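Please take these sequences and the hints and turn them into a complete structure.
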Amino acid sequence: MVLSVVAMSAAFAGAAAAVNQNTEDTYESGPTFTDADELADEDPVWLGQEVTIANFGSDAEIRAGFPDEDAEVIASVFEDEGSVSFEIDEDFEADEPYHIRNPNAGGSYQGSVEATFQVQSEDFGAEFSSGTVIQDGVETLEFESDRDVQTVNVTSEDLDSDELVDVFNDNDDASGVNDKDYHEDEDVLTFELDTTEQTDYDLDFTNIDAGDYDFNFSVTDSYASANASITVTDEDVERDVNAENVDRGELSNITVEPYETDYSAIKVGEYEDVSYEAGLIVVDNSDDGYDEINVTMNTHTAGAGHVDSDDADFDVLSEDVFEAQQDDVEIHFAYLNISDTVFYNDELDNTPATNDLFNGVGDDDNYETLDTFSIEDDGLSNPLAKGDYEVTTGGQWTLDDQDLPEIDDTDDSDFLVLSPRMPASEVATHTAPGDDSMSSFEDFNESTITSTETVAEGDHLIVTIDDFGTSGLLDQFNAGDNIGETLASEDIYFELEQDDVPANSPDQVWNNSALVDSDVDADPLDFNFVNADEYEGDQLILEVPIDDLENEFSGNDYEIGDNFDGEWVDADADEDYTWNIQITEDNAYVEDSDEEIDVEGDLTLDERELTLDDANEELPNAEDTAVTGDTTIAPGSEVEVRAASSGNFVLDNDTLVDDDRTFLGTFDFSDYEANTSVDLEAYGPGDESDELSAELVDAGEPLIQLDTSAPEKTQVGEDASLEVTVANNGGAADTIDIGVVIDDENTYSEDNVTLEPDEEWSESFDFDTSEAGDIEWSVSAGDEEATGTLTVSEDKKENGENGENGENGENGENGENGENGENGENGENGDNGEEDGTPGFGVAVAVVALLAAAMLALRRQN
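Numbering-wise (numbering that gives the first Met the number 0), the sequence shown opens with residue 0 and increments by one.
Worth flagging that the hints you see were computed from the coordinates, not collected in a lab.
Since this is a predicted model, take the numbers as computed values, not measurements.
Taking lysine to aspartate or glutamate and the EDC-like style, the derived pairs with C-alpha atoms no more than 20 Å apart in a straight line are:
(1) Lys385 to Asp413
(2) Lys712 to Asp629
(3) Lys385 to Glu584
(4) Lys712 to Asp498
DEER-style ranges, computed between Cβ atoms:
(5) Asp537 to Ala209: 45 to 55 Å
(6) Gln324 to Thr205: 33 to 43 Å
(7) Phe648 to Asp742: 38 to 48 Å
Where a beta carbon is used, it is the ideal one built from N, C-alpha and C, also for glycine.
Following this line, the structure appears as structure tokens:
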């Protein structure tokens with residue numbers, strides 16, 4: 000069976016359908032032009048057309064390209080009663096010019112050319128808006144074409160002639176094809192498709208059996224064709240919906256389970272209950288249809304006020320608020336009601352489930368079109384409040400008695416419960432080797448990540464915050480993106496300032512508010528979002544680019560570590576800094592001024608250092624001799640250890656820094672005699688290095704080596720200890736005396752301690768940090784000795800309040816006025832109290848505390 004359909008102007012429901020019985024074989028005719036000039040005016044001529052020039056008057060020759068006597072002849076045509084006809088067949092190429100000439104004309108070649116024309120290939124398509132229709136239902140057929148007007152034939156081997164006509168009839172239920180010709184002898188239905196008037200038609204499947212149906216469409220005068228398939232089902236259409244309950248500002252997964260349908264109407268919220276209501280249309284364009292469709296709702300941007308755009312565009316709302324997790328599922332944002340006014344999408348005519356929903360509402364005071372919607376003026380100023388938001392699904396939108404949108408024949412409903420935000424659970428700082436990339440979660444997993452409170456220049460400072468949430472705010476970012484500007488725009492401000500800046504030197508201040516306000520007296524501070532692509536509100540991973548901090552003064556820039564001969568302050572590591580965070584009541588999750596945050600703390604940045612242990616001065620001439628050292632750089636960093644002896648050997652060993660920031664290289668010295676001099680060198684990935692002169696000793700003799708570890712500074716009341724390890728790395732036992740002196744007191748003393756080969760003795764000794772001052776210590780083990788000093792400093796405390804002024808004396812009776820009482824003296828400043836910080840507060844911990852306070856504020860509720 001063949002159905003030829005041509006789009007006419009929009010048909011009216013209920014109009015009498017015209018079906019003309021046409022037995023003439025004229026529905027495949029091509030264009031006829033009065034003369035060659037009319038052909039030249041045609042733009043373009045389509046591949047497959049048969050072109051007729053009625054009054055050409057002679058034989059014709061069609062050649063490729065623009066007029067040229069050397070041009071290739073494509074076709075020669077003989078005159079037939081003054082007219083010529085030729086087909087634009089496979090010998091012609093699309094997007095190429097051609098010319099037609101009279102080969103019998105005298106004179107020049109150019110004089111024989113009658114017309115030049117262009118050939119193109121027509122793009123033509125036909126598609127049902129849904130791949131499934133219920134029995135006795137109606138489904139929309141949509142056409143696309145490069146041409147404005149053309150004649151289309153439709154065929155279907157799955158329908159007989161009467162069924163084909165019925166499907167395309169225009170009636171009260173379906174605005175089908177109003178005017179069409181039916182070629183009974185060929186089972187062809189033909190109509191004119193005028194895409195300037197109408198591109199979609201409602202087809203009526205009443206009395207059509209359940210099954211799969213193919214419709215073939217071909218343009219009558221060109222090679223253009225298309226196919227559209229649809230499944231008619233006699234099963235009941237059903238939809239189930241489930242909504243994930245989340246905290247405010249999170250991403251919620253709305254799951255729709257369609258049965259025997261590929262589109263669903265969804266309503267989120269009921270305006271009368273929660274002052275929020277959004278209407279969606281979800282269309283499944285997959286070939287086989289999904290059993291489950293996942294729609295992610297961003298509860299942070301759902302009210303439109305927090306979407307990342309100033310344009311009044313419902314596509315923006317669809318992308319920033321609702322997103323389908325399946326690639327071949329479309330979401331159409333139908334309307335949004337958050338202010339007693341329904342802002343509706345007036346471009347949904349061809350979308351299933353709408354049924355011309357908003358036709359005729361233009362004069363209704365309750366409605367405004369998309370072009371009047373302002374995200375800034377009409378969107379909610381805050382994210383959605385806590386509450387129960389009903390989620391409803393069905394198959395068709397309609398208008399209720401108050402002309403407001405509702406779902407007709409609801410299939411299912413559920414509640415999306417938004418709960419008050421909960422604070423983050425745990426904040427931790429980490430470091431990673433500076434040479435490792437840290438721009439994605441994959442980089443994070445492949446690197447060596449060490450939990451620590453100390454970070455060296457050049458290494459990564461990484462902050463992790465468990466159960467951070469706020470996935471709605473952060474959903475807009477990709478891995479490695481900077482989020483400092485977004486945090487500032489949410490009224491979360493971070494500042495870092497150097498303490499004790501020398502006179503006449505510029506202040507060093509960094510603040511993320513400078514990213515959004517050029518008037519801020521600070522330079523930018525930013526953060527990189529490491530796990531943005533995998534973030535689901537659980538653990539937030541941020542990288543703080545501490546080595547990228549720059550400070551501008553007098554038109555010049557410098558980075559941490561630069562020194563400008565006194566004109567600039569030295570911002571090198573081991574300087575003290577103060578961090579500060581402010582979160583004002585303008586923040587979306589801070590309800591009033593009582594919940595504002597203004598906190599500060601101290602931090603320190605370590606230099607990159609690498610030191611070979613003094614115990615390496617004597618090395619056994621054994622196969623696996625260890626050369627050890629300490630460093631401040633991140634565990635996992637590569638260290639090259641080199642041992643060289645003039646005229647004997649040059650040996651290299653590449654190793655990694657261990658978790659305790661030590662490194663160990665092994666060498667085979669078994670072929671070399673004792674007393675051989677060895678030059679040791681160690682190189683880190685940066686400029687850090689060290690060298691040491693050593694000597695080989697007999698591996699069969701004892702080799703006592705002493706290793707000590709103690710902090711150089713701490714604060715009053717903080718824990719601090721001296722770690723001592725004595726090892727015999729030689730090949731024979733040895734008996735030694737061990738002594739520990741702390742603050743001029745013999746803390747430990749033991750004589751005649753015997754250590755067998757490869758045996759160790761270790762102990763830990765606590766320092767008394769109850770008072771400020773320097774504590775000197777020393778350790779002896781046999782002939783080995785180590786010394787050091789621990790500086791204990793006072794912690795910062797708040798000043799005491801000033802005393803109140805005394806009251807004035809009373810006036811005397813009938814005499815002179817009494818003298819005024821003296822003012823009370825000001826109270827003395829209070830002693831320095833303890834910080835609410837972390838012991839050994841370094842750069843990492845300072846920034847972490849800053850971030851943790853920010854996250855707590857973000858989790859506060861309206």
